[in-house]
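Asks: What follows is the residue order along each chain.
2 protein chains.
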Amino acid sequence: MADNEFGIRPGEVAVALPETFDAGVYFIGRIRTPWTRREECPKNARESDAVCTIEVDPRYAAALTGVESCSHLLVLYWMDKSRRDLVLQVPRTYGEQRGTFALRSPARPNPIATSVATLLQIAGNTLSVVGLDCLDGTPLIDIKPYFASTDSVPDAVVGWHKARKGA
Amino acid sequence: MADNEFGIRPGEVAVALPETFDAGVYFIGRIRTPWTRREECPKNARESDAVCTIEVDPRYAAALTGVESCSHLLVLYWMDKSRRDLVLQVPRTYGEQRGTFALRSPARPNPIATSVATLLQIAGNTLSVVGLDCLDGTPLIDIKPYFASTDSVPDAVVGWHKARKGA
Numbered sequence: 001m002a003d004n005e006f007g008i009r010p011g012e013v014a015v016a017l018p019e020t021f022d023a024g025v026y027f028i029g030r031i032r033t034p035w036t037r038r039e040e041c042p043k044n045a046r047e048s049d050a051v052c053t054i055e056v057d058p059r060y061a062a063a064l065t066g067v068e069s070c071s072h073l074l075v076l077y078w079m080d081k082s083r084r085d086l087v088l089q090v091p092r093t094y095g096e097q098r099g100t101f102a103l104r105s106p107a108r109p110n111p112i113a114t115s116v117a118t119l120l121q122i123a124g125n126t127l128s129v130v131g132l133d134c135l136d137g138t139p140l141i142d143i144k145p146y147f148a149s150t151d152s153v154p155d156a157v158v159g160w161h162k163a164r165k166g167a
Numbered sequence: 001m002a003d004n005e006f007g008i009r010p011g012e013v014a015v016a017l018p019e020t021f022d023a024g025v026y027f028i029g030r031i032r033t034p035w036t037r038r039e040e041c042p043k044n045a046r047e048s049d050a051v052c053t054i055e056v057d058p059r060y061a062a063a064l065t066g067v068e069s070c071s072h073l074l075v076l077y078w079m080d081k082s083r084r085d086l087v088l089q090v091p092r093t094y095g096e097q098r099g100t101f102a103l104r105s106p107a108r109p110n111p112i113a114t115s116v117a118t119l120l121q122i123a124g125n126t127l128s129v130v131g132l133d134c135l136d137g138t139p140l141i142d143i144k145p146y147f148a149s150t151d152s153v154p155d156a157v158v159g160w161h162k163a164r165k166g167a
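If you read the sequences in order, they're chains X and F. Using this note's numbering, the first residue of the first sequence is number 1, and each one after it goes up by one. Using this note's numbering, the first residue of the second sequence is number 1, and each one after it goes up by one.
The set of hints was computed from the structure by calculation and includes no laboratory data. Hints may be right or wrong, so weigh each one.
It does not matter which identical chain is meant; a pair holds if it fits inside one copy or across any two.
[To be verified] Below are the SDA-like pairs computed for lysine to any residue, each with C-alpha atoms no more than 25 Å apart in a straight line: (1) K81 <-> D57; (2) K162 <-> A62; (3) K81 <-> Q97; (4) K81 <-> P91; (5) K162 <-> E47; (6) K81 <-> L135; (7) K162 <-> I122; (8) K162 <-> L120; (9) K81 <-> A62; (10) K162 <-> E68; (11) K165 <-> S69; (12) K81 <-> T65; (13) K43 <-> S152; (14) K43 <-> V130; (15) K165 <-> V153; (16) K81 <-> T20; (17) K81 <-> P18; (18) K43 <-> S69; (19) K43 <-> E68; (20) K162 <-> G124; (21) K43 <-> P154; (22) K162 <-> S71; (23) K43 <-> R30; (24) K165 <-> P42; (25) K81 <-> P139; (26) K162 <-> S152; (27) K43 <-> T65.
In isolation and in its complexed conformation, chain X is listed as follows (with noise of 0.2 Å):
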């Protein structure tokens, strides 16, 4: 548990992981954004306006090619701060117990954010994209196109979430 650098809240759950991993992810990239202090962060990515950069590694630059006419993207990045063991979770914005596959919090057994980006150019190997929350230098593992068709349910619901609002 040597990377974990936040601490178990009152009801909070952890578990023991298992002890060896089953596959590996490569970093493709970085993510610059201007936040350095997990505080600093939007609590959700529509929260901020503010422009953020995708570096991605020279190595992959051709993978970019036709990214260009997309007007939106599903980033994929790794929260390398976040503990790993949480199975249930108090969020400090919530002050409730819920399970972490109910909730978006970084703390999870792999913790993957995936954020709906705006594009807004594309110079190289660098992207400028509205709509990510994350820390400056959080490692990116994936750029994938968001199709309306596909990834867009306008209607879903978030059932308890949304029993908050109402309330």
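Starting from the known structure of chain X, fit chain F onto it as the hints suggest.
Replies: Below, chain F without anything else, positioned relative to chain X:
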């Protein structure tokens, strides 16, 4: 490249991958689908209304608390049969060369797929969903609540795809 079961087509370009991984992934469950060969899989997740089953490892069962209130889930899985070194690909469906990051092909440096699934039911550690397109036995790596407020962009456009359809 022992895990490469698919060949390279004319127009496709591979790069040398890094010699070591940067982080490790845990498989946290398995996805059960009706499809046992790649050719049988739906071309995209909305093409099929087959009910698929997500079996979460009992270790993480508590992490499902609250998930039952979600109408839709973001499901992340590991396309463990795919090669990871292609930067330019010529998908059979399109027959045109495009960058990996402009495609949803499972072949990518980190073979992580993200699908929006409709949640039907949870029984113990087992979720019944509609909207997956992967092979039976595919390793699960994450489940997230789908928030329309941040994940849904109905007017997003993938330019190259739209141009093809308009042609």
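Asks: Against each hint, give a clear statement of whether it holds in the structure.
Replies: Evaluation of the provided hints:
1. Taking identical chains as interchangeable, the C-alpha atoms of K81 and D57 lie at most 25 Å apart whether they share a chain (21 Å) or sit on different chains (24 Å).
2. When the C-alpha separation of K162 and A62 is checked against a cutoff of 25 Å, the pair qualifies only between copies, where the shortest distance is 21 Å, while the shortest distance within a copy is 42 Å.
3. Proximity of K81 and Q97 under a CA criterion of 25 Å is satisfied intra-copy only: 21 Å inside one chain copy versus 37 Å between copies.
4. With identical chains, the CA atoms of K81 and P91 are at most 25 Å apart within one copy only, with a shortest distance of 16 Å there and 36 Å across copies.
5. Within a single copy, K162 and E47 get their C-alpha atoms as close as 18 Å, which meets the 25 Å cut-off; across copies the closest is 29 Å, which misses it.
6. For the homomeric pair K81 and L135, the shortest alpha-carbon distance inside one copy (9 Å) is at most 25 Å, but the shortest distance between copies (32 Å) is not.
7. For the identical chains of this complex, K162 and I122 are inter-copy neighbours only, at 20 Å across copies versus 37 Å inside a copy, given an alpha-carbon limit of 25 Å.
8. Taking the shortest alpha-carbon separations for K162 and L120, only the inter-copy value of 19 Å comes in at or below 25 Å, while the best intra-copy value is 32 Å.
9. Proximity of K81 to A62 under the C-alpha cut-off of 25 Å is restricted to the inter-copy arrangement: shortest distance 23 Å between copies versus 30 Å within a copy.
10. For the identical chains of this complex, K162 and E68 are inter-copy neighbours only, at 13 Å across copies versus 36 Å inside a copy, given an alpha-carbon limit of 25 Å.
11. For a Cα distance limit of 25 Å, the shortest separation of K165 from S69 across copies, 14 Å, qualifies, whereas the shortest one inside one copy, 37 Å, does not.
12. With identical chains, the CA atoms of K81 and T65 are at most 25 Å apart between copies only, with a shortest distance of 24 Å across copies and 31 Å within one.
13. Taking the closest pair of Cα atoms, K43 and S152 come within 25 Å of each other both inside a single copy (21 Å) and across two copies (17 Å).
14. In this assembly of identical chains, the alpha carbons of K43 and V130 lie at most 25 Å apart only when taken from the same copy (14 Å versus 30 Å across copies).
15. In this assembly of identical chains, the alpha carbons of K165 and V153 lie at most 25 Å apart whether taken from the same copy (20 Å) or from different copies (22 Å).
16. In this assembly of identical chains, the alpha carbons of K81 and T20 lie at most 25 Å apart whether taken from the same copy (19 Å) or from different copies (20 Å).
17. When the C-alpha separation of K81 and P18 is checked against a cutoff of 25 Å, the pair qualifies both within a copy, at 19 Å, and between copies, at 22 Å.
18. In this assembly of identical chains, the alpha carbons of K43 and S69 lie at most 25 Å apart only when taken from different copies (21 Å versus 29 Å within one copy).
19. For a Cα distance limit of 25 Å, the shortest separation of K43 from E68 across copies, 23 Å, qualifies, whereas the shortest one inside one copy, 28 Å, does not.
20. With identical chains, the CA atoms of K162 and G124 are at most 25 Å apart between copies only, with a shortest distance of 24 Å across copies and 42 Å within one.
21. For a Cα distance limit of 25 Å, the shortest separation of K43 from P154 qualifies both inside one copy, at 20 Å, and across copies, at 22 Å.
22. In this homomeric assembly, K162 and S71 come within 25 Å of each other (Cα to Cα) only across copies, at 12 Å, whereas the closest approach inside a single copy is 29 Å.
23. Only within a single protomer do K43 and R30 lie at most 25 Å apart by alpha-carbon distance; the minimum there is 20 Å, versus 31 Å between protomers.
24. Proximity of K165 and P42 under a CA criterion of 25 Å is satisfied intra-copy only: 19 Å inside one chain copy versus 37 Å between copies.
25. Taking identical chains as interchangeable, the C-alpha atoms of K81 and P139 lie at most 25 Å apart whether they share a chain (11 Å) or sit on different chains (24 Å).
26. Proximity of K162 to S152 under the C-alpha cut-off of 25 Å is found in both arrangements, the shortest distances being 19 Å within a copy and 16 Å between copies.
27. In this homomeric assembly, K43 and T65 come within 25 Å of each other (Cα to Cα) only across copies, at 22 Å, whereas the closest approach inside a single copy is 32 Å.
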